[in-house]
Amino acid sequence: MRRILPLLFLLGLAPVAASAQVTSQRIENAASEPQNWLTYSGTYSGQRYSTLTQIDHANVNNLEQKWILQDQVSGAWESNPLVVDGIMYLTERPNDVMAVDARTGKLFWLYRWTPDPGARVCCGSQNRGVAILGDTLYMGTLDGHLIALDSKTGKPIWNTIVADFKMAYSVTMAPLIVHDKVLVGVGGGEFGIRGFVAAFDSKTGKELWRFYTIPGPGEPGFESWKGDDWKTGGAPVWTMGSFDPGLNLVYFGTGNPGPDWNPGQRPGDNLYSDSVVALDPDTGKLKWHFQFTPNDGYDYDSTQVPVLADMNWNGKPTKVMMWANRNGFFYVLDRETGKFLRGAPFVKVNWASGLDPNGRPIQTPQGPGQPTYPGNQGGTNWYPPAYSPRTGLFYFSVWENYGSIYRREEVKYQPGRNFDGGGAAAVSPVPGAPTMAQARRGPIDNWTSEVGNGEAVALDPKTGKQVWSFLQYDVTNSGNLVTASDILFVGGNEGFFYAMDARTGDLLWKSYLGGPVLNTPITYEVDGKQYVSVIAGNVLATFGLRD
Amino acid sequence: MRRSLDLSGSLALRCFSAALVFFAITAPVFAQEHEYSADQIQSGYRLYTGQCQICHGNNGDNIAGVNLARQQFKTVRSDDDIRRMITTGNPAGMPPFALKPEELDNLVAFVRSGLDQGGVPFQLGDADRGKAVYDKSGCAQCHRIAGHGARTAPDLTDIGFIRRPGQMMTSLTKPNSATQPINRPIAIVTKDGRTIKGRRYDEDTFSVRLIDSREQMLSIQKSNISRYDIGRQSDMPSYQGKLADGEISDLLAYLVSLKG
Chain X
-11 MRRILPLLFL LGLAPVAASA QVTSQRIENA ASEPQNWLTY SGTYSGQRYS
39 TLTQIDHANV NNLEQKWILQ DQVSGAWESN PLVVDGIMYL TERPNDVMAV
89 DARTGKLFWL YRWTPDPGAR VCCGSQNRGV AILGDTLYMG TLDGHLIALD
139 SKTGKPIWNT IVADFKMAYS VTMAPLIVHD KVLVGVGGGE FGIRGFVAAF
189 DSKTGKELWR FYTIPGPGEP GFESWKGDDW KTGGAPVWTM GSFDPGLNLV
239 YFGTGNPGPD WNPGQRPGDN LYSDSVVALD PDTGKLKWHF QFTPNDGYDY
289 DSTQVPVLAD MNWNGKPTKV MMWANRNGFF YVLDRETGKF LRGAPFVKVN
339 WASGLDPNGR PIQTPQGPGQ PTYPGNQGGT NWYPPAYSPR TGLFYFSVWE
389 NYGSIYRREE VKYQPGRNFD GGGAAAVSPV PGAPTMAQAR RGPIDNWTSE
439 VGNGEAVALD PKTGKQVWSF LQYDVTNSGN LVTASDILFV GGNEGFFYAM
489 DARTGDLLWK SYLGGPVLNT PITYEVDGKQ YVSVIAGNVL ATFGLRD
Chain U
114 MRRSLDLSGS LALRCFSAAL VFFAITAPVF AQEHEYSADQ IQSGYRLYTG
164 QCQICHGNNG DNIAGVNLAR QQFKTVRSDD DIRRMITTGN PAGMPPFALK
214 PEELDNLVAF VRSGLDQGGV PFQLGDADRG KAVYDKSGCA QCHRIAGHGA
264 RTAPDLTDIG FIRRPGQMMT SLTKPNSATQ PINRPIAIVT KDGRTIKGRR
314 YDEDTFSVRL IDSREQMLSI QKSNISRYDI GRQSDMPSYQ GKLADGEISD
364 LLAYLVSLKG
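Chains as they are written, first to last, in the numbering used here: chain X, -11 to 535; chain U, 114 to 373.
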């Protein structure tokens, strides 16, 4: 059953700026209109860097809450809002889309897609947001659809099937617009899918190309699988990619191979799982790949947002890609060629003793029952990092001192069912202590730092060295936002939302929001006022300077 | 139309939606005395992951109204009921499983252990006798049940719901190995010279909440703390050797029966 809820026309008094068409040129030049947040990462570069400077070190203490939007459903809220000319577009689980007045939080409309109850996702009914092109919004659904909506009415324009939910394919990521195409990947890495990214015609929903993240017979990389393992090998694509218009390359991180925990059951490197793939967005052809974790047995999805920047590297202007990986290593790659430039651990790592000159890990598997660091949730994960060209620093959220004990089992593939091959339990000081592996945390946060803790970290990509860190008692699944006034906005699982000095890590301001900050703050400007919005728990809170 | 759903259990929810007419049973379920070995629990764990997990989930809580880890069932009470349910299935959608008697025993042990993957062995005696052991052993000098007893140590009113039997068994015999990190004894010296001892409720980057030795609830900013010690030695004595084995089994059965 699919229908629009009649939440329209709340007051109809406040006129909103007429929305011009969001062309692909506008998205390419998004940095030149910082009042808007036109694509998932703010710009195609994945930097989450805003040139807005109204909120600065001198006045950040005057931030106050301007409005909140309460989630209409329950459960973790991982959506990333867009803001276009005063209107915010965001999703809530499982597949609602809302258009909101970005000054007041009042709704224009709400579109609700109810996914088929047979849809299967590993980790909750997440949706991470919409994309916009022209005056059309695009959303992937848990049951594998891609839906185009009229941005002014919330009514569907077209609806196409990306993949079969009965085989446990799903779409949780926000789509990526490139030129006139809508790019989207699929989840299902815990269910024996064969991952892919596909491009759809933005006008009609017709599929234009599909790149399988696991090569088929006769394709390069196929030799990295044995027998029929490639058919159920996972490598999902469930977080946002980045795009370099100059090189005309789009970059996506890929997830774990399947079965997750039993690498012995799928010998070989298992390309292109746990990799970054560089694709021609016009054809879907692979230009290069770099694999972070060959034959992964730890669920080290490389589903982080690729961060693109141009910098001097050993005295030469270089187009680089920065990547803090779930596997605990921070990488710098040449994004024209995929060449490995630098890599080093940013947390305690014992699954590998280091990286060889090509960036390939020297794997050191731990014995049965022995802890592996970082643990199952990684040294970092899908929540986006940020990069400031002003400070030259890379900002990301880290889990320290967190390990898992892995259990490996043979598992038989059954279509649409779990295909994980064992399990992982967090290292804990006593049996039964609350850990991430238990996933559900009650209203009282009885986690203690004895099972790990979180950090907001600033790292210099040129040296690989940590410049500062802000230690948190609990772990953090917060994304990062940095502005040209050198303020880093970031949160954590404890429910605090912080403004920090991006150069020193000094805490400038904080607000307690009562629920974990997931995904990432964004910033925008309406009527000359800068706002910062962040989702924490079941609330989207928007802050601005005191009037 | 469902307003919200957690699809992680959707397959199971769909299979079993007809079973919602039953009520969860939270009353004590241990009428009989039982012993569950580590081998049984661990063998049951392997069976569970292969046969049961697809519907019941990793934590045993994927079926509405059933939480295997917390001994919440719709109709089941005794161990024999569990065996019967597995063998015959039910009309609500649970299929029958043809298992050997030994396999059934192992699954029962794993369920009764609270899905304890570590497989800590335990023996359950008689809960009524266990209450008498609780009363005579001075437990209420620190613990509290249903409004009676001290608050120095954790309130046990729902301990059978929130802890596995194996964890409680270890708490009784080797308390230092079982104290939950949040419950470690803490000692704080504030910048204005006060010394506060107590038990933590909650801690974050900036503050700690606790109940002190005078049973006052306090929230202290870390910026006001000059010294903060977290004790590794539990204040709880070991009852190994102090109580007879049968008394420990009885006491454990009593604690397991406390569902809040």
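Bear in mind the hints are in silico, worked out from the structure with no lab data behind them.
Some hints could be false.
To be verified - Partial list, computed: chain U residues near chain X (C-beta under 8 Å):
| no. | residue |
| --- | --- |
| 1 | L160 |
| 2 | Q164 |
| 3 | P234 |
| 4 | R277 |
| 5 | T286 |
| 6 | K287 |
| 7 | A291 |
| 8 | I299 |
| 9 | A300 |
| 10 | T303 |
| 11 | D305 |
| 12 | D317 |
| 13 | T318 |
| 14 | E328 |
| 15 | S332 |
| 16 | S336 |
Said to hold, decoys possible - With a straight-line Cα cutoff of 20 Å, these simulated EDC-like cross-link-like pairs (lysine to aspartate or glutamate) come out:
| no. | chain 1 | residue 1 | chain 2 | residue 2 |
| --- | --- | --- | --- | --- |
| 17 | X | K94 | X | E438 |
| 18 | X | K498 | U | D271 |
| 19 | U | K335 | X | D232 |
| 20 | U | K244 | U | D271 |
| 21 | X | K400 | X | E513 |
| 22 | X | K275 | X | D232 |
| 23 | X | K219 | X | D138 |
| 24 | U | K335 | X | E513 |
| 25 | U | K310 | U | D271 |
Quick reminder that beta carbons are idealized off the backbone N, C-alpha and C, glycines included.
Hints, verified against the model:
1. L160: violated (12 Å)
2. Q164: Q164(U) check fails; min Cβ-Cβ to chain X is 13 Å, beyond 8 Å.
3. P234: With a closest approach of 13 Å, the P234(U) hint is violated.
4. R277: Check passed: Cβ of R277(U) comes within 6 Å of chain X, closer than 8 Å.
5. T286: Since the shortest Cβ distance to chain X is 13 Å, the answer is violated.
6. K287: violated (10 Å)
7. A291: Hint holds; A291(U) Cβ to chain X Cβ min 6 Å, cut 8 Å.
8. I299: violated (11 Å)
9. A300: Hint violated; A300(U) Cβ to chain X Cβ min 16 Å, cut 8 Å.
10. T303: Hint violated; T303(U) Cβ to chain X Cβ min 19 Å, cut 8 Å.
11. D305: violated (23 Å)
12. D317: holds (5 Å)
13. T318: holds (5 Å)
14. E328: Where the cut-off is 8 Å and the nearest Cβ of chain X is about 18 Å from E328(U), the hint is violated.
15. S332: violated (13 Å)
16. S336: violated (12 Å)
17. K94(X) x E438(X): violated (42 Å)
18. K498(X) x D271(U): Given that 20 Å is the threshold and the Cα spacing comes to 36 Å, the pair is violated.
19. K335(U) x D232(X): Violated, at about 46 Å.
20. K244(U) x D271(U): holds (15 Å)
21. K400(X) x E513(X): violated (53 Å)
22. K275(X) x D232(X): The hint holds at about 13 Å.
23. K219(X) x D138(X): The hint is violated at about 37 Å.
24. K335(U) x E513(X): Violated. K335(U) to E513(X) sits at ~36 Å, over the 20 Å cutoff.
25. K310(U) x D271(U): violated (25 Å)
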